[in-house]
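Line by line, the protein sequences are chains U and S.
With numbering that gives the first Met the number 0, letter number 153 in the first sequence gets 152, and the count goes up by one each step, no holes.
With numbering that gives the first Met the number 0, letter number 233 in the second sequence gets 232, and the count goes up by one each step, no holes.
Keep in mind the hints are simulated off the structure, nothing from the lab.
Glycine included, every Cβ here is placed at the ideal spot set by N, Cα and C.
Mixed in with the good hints, there may be bad ones.
Stretch by stretch, here's where chain S covers chain U in the computed footprint (C-beta under 8 Å, at least three residues) [what the hints assert, rightly or not]: (1) 42-55; (2) 92-100; (3) 105-118; (4) 167-173.
Here are some chain S residues pointing at chain U (derived, C-beta under 10 Å) [said to hold, decoys possible]: (5) E20; (6) V71; (7) G83; (8) I155; (9) R218.
Facing chain U, a subset of chain S residues (Cβ under 8 Å, in silico) [to be verified]: (10) N29; (11) H162; (12) T167.
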Amino acid sequence: MARSIVVNLGGKVSSFGLSKIDREKLYGKRTRVVVDENGNPCTMATLTRDGTALLPPGSVAMLYMNDDFEVCERGDLQAVTADGEIADEVESTLGAEVELRGPVPAARVLDHLAKSVYLLDPEELDATLQAALEAGQIFETRFNYRKGFDENTLFLLKNEEGFFGIVAELAEFDFLYRNQAPTLEEDDAEDPFADDDLDFSMF
Amino acid sequence: MALRTIKIADEKKRDADIQIEPPKRKASFNWTNQRNQPVHSERLIKATEEHTYAALLKKFDGDDNKLALGLVDGDPEVPFDMAGRRIGPSDRVWIREDGSVLYCARTLMVRTDASGEEVERTDFIDVEATVGDETILPWTGRTFSRDEIVHKFAIIRKVRLRHVNGLTFDFLYEIAKTLHEEDKVVLMRGIAEVDGKKRPAPLIFQTNGSPYQGFLEGRVDENGFLLVLHLSNLELKKVQS
Chain U
0 MARSIVVNLG
10 GKVSSFGLSK
20 IDREKLYGKR
30 TRVVVDENGN
40 PCTMATLTRD
50 GTALLPPGSV
60 AMLYMNDDFE
70 VCERGDLQAV
80 TADGEIADEV
90 ESTLGAEVEL
100 RGPVPAARVL
110 DHLAKSVYLL
120 DPEELDATLQ
130 AALEAGQIFE
140 TRFNYRKGFD
150 ENTLFLLKNE
160 EGFFGIVAEL
170 AEFDFLYRNQ
180 APTLEEDDAE
190 DPFADDDLDF
200 SMF
Chain S
0 MALRTIKIAD
10 EKKRDADIQI
20 EPPKRKASFN
30 WTNQRNQPVH
40 SERLIKATEE
50 HTYAALLKKF
60 DGDDNKLALG
70 LVDGDPEVPF
80 DMAGRRIGPS
90 DRVWIREDGS
100 VLYCARTLMV
110 RTDASGEEVE
120 RTDFIDVEAT
130 VGDETILPWT
140 GRTFSRDEIV
150 HKFAIIRKVR
160 LRHVNGLTFD
170 FLYEIAKTLH
180 EEDKVVLMRG
190 IAEVDGKKRP
200 APLIFQTNGS
210 PYQGFLEGRV
220 DENGFLLVLH
230 LSNLELKKVQ
240 S
């Protein structure tokens, strides 16, 4: 049975079933397909620069190893924080009651980047929370789909289409001042659109 | 990779070259093994085109039984001279079903609807960027409250607009101040040429890149400003069943 998002606002519990929304489900998809001279679809492969190996899909293994080339199995990996401490795993929040905070201003949502979006189906909805969401208020709580080392924020809101949960991570910027010219470090910043690919579905 | 330079206009239709940059990645964690030694991910060769199922089947006269016996008797699926080697510098190539490399490719655009049904298949035509250092992002004047935006769109990317000199500092500060005082965000659209006419278009940051709806948010304090272009390609909508 699918687990739910369970939230507690002022001692009143509400729960929501969730289904993920993605672009393909909403708009369909446009993809580039490369074909040969007979119109048969082709696949992308990797050719080593020395020309000794042509690697079709499925020919590459991704492994974790130390500097001595010793393999570390995925299950033996430890997450270590920047301070060198072993990070604690965070349990999934699905099915577990988590405290709902808010209402929060829309600017708080804009300080984050959405990682995934869920359409929520209220299973049990406290009247106070329902009224606040229908009035356009936004609430937040912590969210972890599965056990792991990252914990995200879930923004809960409602529009004319229904209830939505936006799973997001904080991505704030600092203010800029007159004497702040781009530094060398900033000049090496990654290209924000390097992995952009064709998908015109929403337009 | 240097910061990108783009051209942007303000409400007085003055334009300037400024830069955009992504948010810094949050400090995350590193992986170690059980002996607390740092580990890193590595891509290694597992097999080559001579060791795919199709290639092995061909080697065993197209007979699955012979192939099965061959796998029991030996290790024809393992390239001992290659397996475990780091891939190193490489290029991406297209290959046919038989594994041969394609030297001249034809690219099609295939469109499927939300149910996954193919609805269109045409030759692929490059879609030019609408944001860059050659085209000016015009001031649309169409403003929205932050509440409207966050209730309608999922913001999946963002960039900060930054000045390159004193003049562009003043230019961007004024834009940020206008939006801050109005407490609004402004819709940003590119310009694309369609049938010889210039029309508003979604924001596309590189040839064949994803199109985005863009919303520019401005905040100011006593001496500084913050201008963030929020980008979305996902509406908060129900999936039609």
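Results for each hint:
1. A stretch counts as covered by a chain when three or more of its residues have a beta carbon under 8 Å from one of that chain; for the segment 42-55 of chain U and chain S the count is 13, and the coverage holds.
2. With a threshold of 8 Å between beta carbons, the proposed coverage of the segment 92-100 of chain U by chain S is violated, since 0 of its residues qualify and at least three are required.
3. Only residues whose beta carbon comes within less than 8 Å of a beta carbon in chain S count, and the segment 105-118 of chain U has 9; three or more means the coverage holds.
4. Coverage of the segment 167-173 of chain U by chain S holds. Counting CB-CB distances below 8 Å, 6 residues qualify, and the rule asks for three or more.
5. Below 10 Å, beta-carbon pairs count as interface contacts, and E20(S) has one with chain U at about 5 Å; its hint therefore holds.
6. Nearest Cβ of chain U to the Cβ of V71(S): about 22 Å, over the 10 Å cut. The hint is violated.
7. For the restraint placing G83(S) at the interface with chain U, the shortest Cβ-Cβ distance is roughly 8 Å, inside the 10 Å limit, so the hint holds.
8. Annotation: I155(S) was flagged as interfacial toward chain U, and the flag holds, the nearest CB pair being 5 Å apart, inside 10 Å.
9. The beta carbon of R218(S) is positioned within 10 Å of a beta carbon in chain U (closest approach about 7 Å), and the interface hint is therefore held.
10. The criterion of a C-beta within 8 Å of any C-beta in chain U is met by N29(S), whose closest approach is roughly 5 Å, and the hint holds.
11. Evaluation of the H162(S) hint against chain U yields a held restraint, the C-beta minimum of about 7 Å falling below 8 Å.
12. At its closest, the beta carbon of T167(S) sits 10 Å from a beta carbon of chain U; the interface hint therefore is violated under the 8 Å criterion.
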